[in-house]
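Based on these hints, arrange chains C, X and L on the given structure of chain E.
So the sequences go chain by chain: E, C, X and L.
The first sequence begins at 2 in the working numbering and counts up by one.
The second sequence begins at 2 in the working numbering and counts up by one.
The third sequence begins at 2 in the working numbering and counts up by one.
The fourth sequence begins at 2 in the working numbering and counts up by one.
Hints are computed from structural coordinates only; laboratory data are not their basis.
Even for Gly, the Cβ is constructed at its ideal location relative to N, Cα and C.
Any given hint might turn out to be false.
[Claimed, not checked] Under the rule of at most 20 angstroms between Cα atoms (straight-line distance), these lysine to aspartate or glutamate pairs were calculated in the EDC-like manner:
#1 K91/E with D120/C
#2 K91/C with E137/C
#3 K103/E with E123/L
[Unchecked claim] Incomplete in silico selection of chain C near chain E, CB under 7 angstroms:
#4 T36
#5 F49
#6 H51
Number of protein chains: 4
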Amino acid sequence: MSVDPRIQSSFDRQSMMRTLGAQLTAAENGRAAITAPILPETLQQQGFGHAGLTFSIGDSAAGYAALSILRADQEVLTAEMKINLLAPAKGDLLIARGRVIKPGRRLIVTAADVFARSDGAETHIATLIGTMIPTEI
Amino acid sequence: MSVDPRIQSSFDRQSMMRTLGAQLTAAENGRAAITAPILPETLQQQGFGHAGLTFSIGDSAAGYAALSILRADQEVLTAEMKINLLAPAKGDLLIARGRVIKPGRRLIVTAADVFARSDGAETHIATLIGTMIPTEI
Amino acid sequence: MSVDPRIQSSFDRQSMMRTLGAQLTAAENGRAAITAPILPETLQQQGFGHAGLTFSIGDSAAGYAALSILRADQEVLTAEMKINLLAPAKGDLLIARGRVIKPGRRLIVTAADVFARSDGAETHIATLIGTMIPTEI
Amino acid sequence: MSVDPRIQSSFDRQSMMRTLGAQLTAAENGRAAITAPILPETLQQQGFGHAGLTFSIGDSAAGYAALSILRADQEVLTAEMKINLLAPAKGDLLIARGRVIKPGRRLIVTAADVFARSDGAETHIATLIGTMIPTEI
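Just chain E, same shape as in the assembly:
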């Protein structure tokens, strides 16, 4: 997968993604992927990645999956998002993979799964599902 320059530009304007060290690695045809390291600055009290880190990249991967099927003059906003946390966020890198479940003119239902990579193996650490609203820029 590749990343459309317009979507990359939207991602680059999200200072939160920079703060988390996140990178947009794919956004095309209703799918998107974001990676992020588990930085010393984004931990919870037990030393694992914070749920807010996992949520942030999962929500953004879902949002860019939605944006990838919209016109160039549209943006998306998260209306609601649910996350089930499955395992601690520990390892070398987090990978969030987002996808569109149901496109719509007024609402786009999206999902994302987040994995932690450690020594080449991936552990499924979270699953998200939520609703995006297309807006005019």
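For chains C, X and L alone, kept in the frame of chain E given last:
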């Protein structure tokens, strides 16, 4: 409300909270409050506070509300959390107020509401509800 | 609270509500209430009221709360709904109380709480939050 | 897939499933399927299947998927369930397919998708994700 030193210590170990500029202002009797500025480092693409910021302090306020009713040798983990975003995160300060809805030995159901303060007035920007699991340290 | 005839008429067209023995007891100004007995026909495997019963009246109470603030030529559809079950549905009567959290032209965020009444005392058995879409009839 | 007699017996004790005309068609190895007609008794106000019908069979399919990986002396209860409704419930038959996403000793994360069959084609009408608690009978 005040903050128990043990709960403050747990909060201080969350480097994510420091990165977001968040402060724990209350945690007692099943309620907790966390404030955070909208920093230049935690924005989304339109210049508002990122949903990940709102989620992070809302989830943590819910978690510390739960922790405030547990024994000193217990911790909590988020099992699942839902967020409905109601308005853009803009203003001088975000305030997340968490509460326990239903305590339990195996699960604690919690909720949080997040407000944006601007010129002294508060706007309700998000509502969260989720499940915490008590664990032994 | 009272029930607007147009809202009562919508409720009466829901054969599911009749099957569950449900009654709309209030719908006004962003609030609604629905009651239902725990019938021999709506139980789960342990003899308590089925989660589907609790969900159905909670979702409908949220929906009629939303409908109560709309124009006469509008309807609502549930886009998404979350339920946390807090206690078994047992007792004489279930009461679902719905309310609008955030009105909007495109989306209405709603909540509902469901209680089981037994010997005059109420137990909080479920809390719901979800998104309604206003539609033209 | 087949249905274990113990799981069939649990299903048969759910009078709600009988009221909805639902049948358990599979429950094995972390997966389960339930079908239900759209009866004249289970409609919403526009004549489509009620969201409570879709929720009930989706929640039960998720629950029996979880039960299928537990010991014979265990039951499951729904702790929380989320549903996104994707399309109206119309057609000849609803089919709910549940699966375990993450097994656990204390919690089992499950999902279900519900489809409406019409003239042999299936439309995806809802997706659910939620948490089951294993209990001793």
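Hints, verified against the model:
For the proposed pair K91/E and D120/C, the alpha carbon gap of about 41 angstroms is over 20 angstroms, so the pair is violated. Distance restraint check for K91/C and E137/C: the Cα-Cα separation of roughly 38 angstroms exceeds the 20 angstroms cut-off, and the hinted pair is therefore not satisfied. Pair hint K103/E plus E123/L holds up; C-alpha atoms about 14 angstroms apart against a cutoff of 20 angstroms. Taking 7 angstroms as the C-beta cut-off, the interface hint given for T36/C is violated, the closest approach to chain E being about 15 angstroms.
Among the interface hints, the one on F49/C is violated; its C-beta lies about 9 angstroms from the nearest C-beta in chain E, farther than the 7 angstroms criterion. For H51/C, the suggested interface contact is upheld, since its CB lies about 4 angstroms from the closest CB of chain E, less than 7 angstroms.
Against the hints set out earlier in the document, violations occur for numbers 1, 2, 4, 5.
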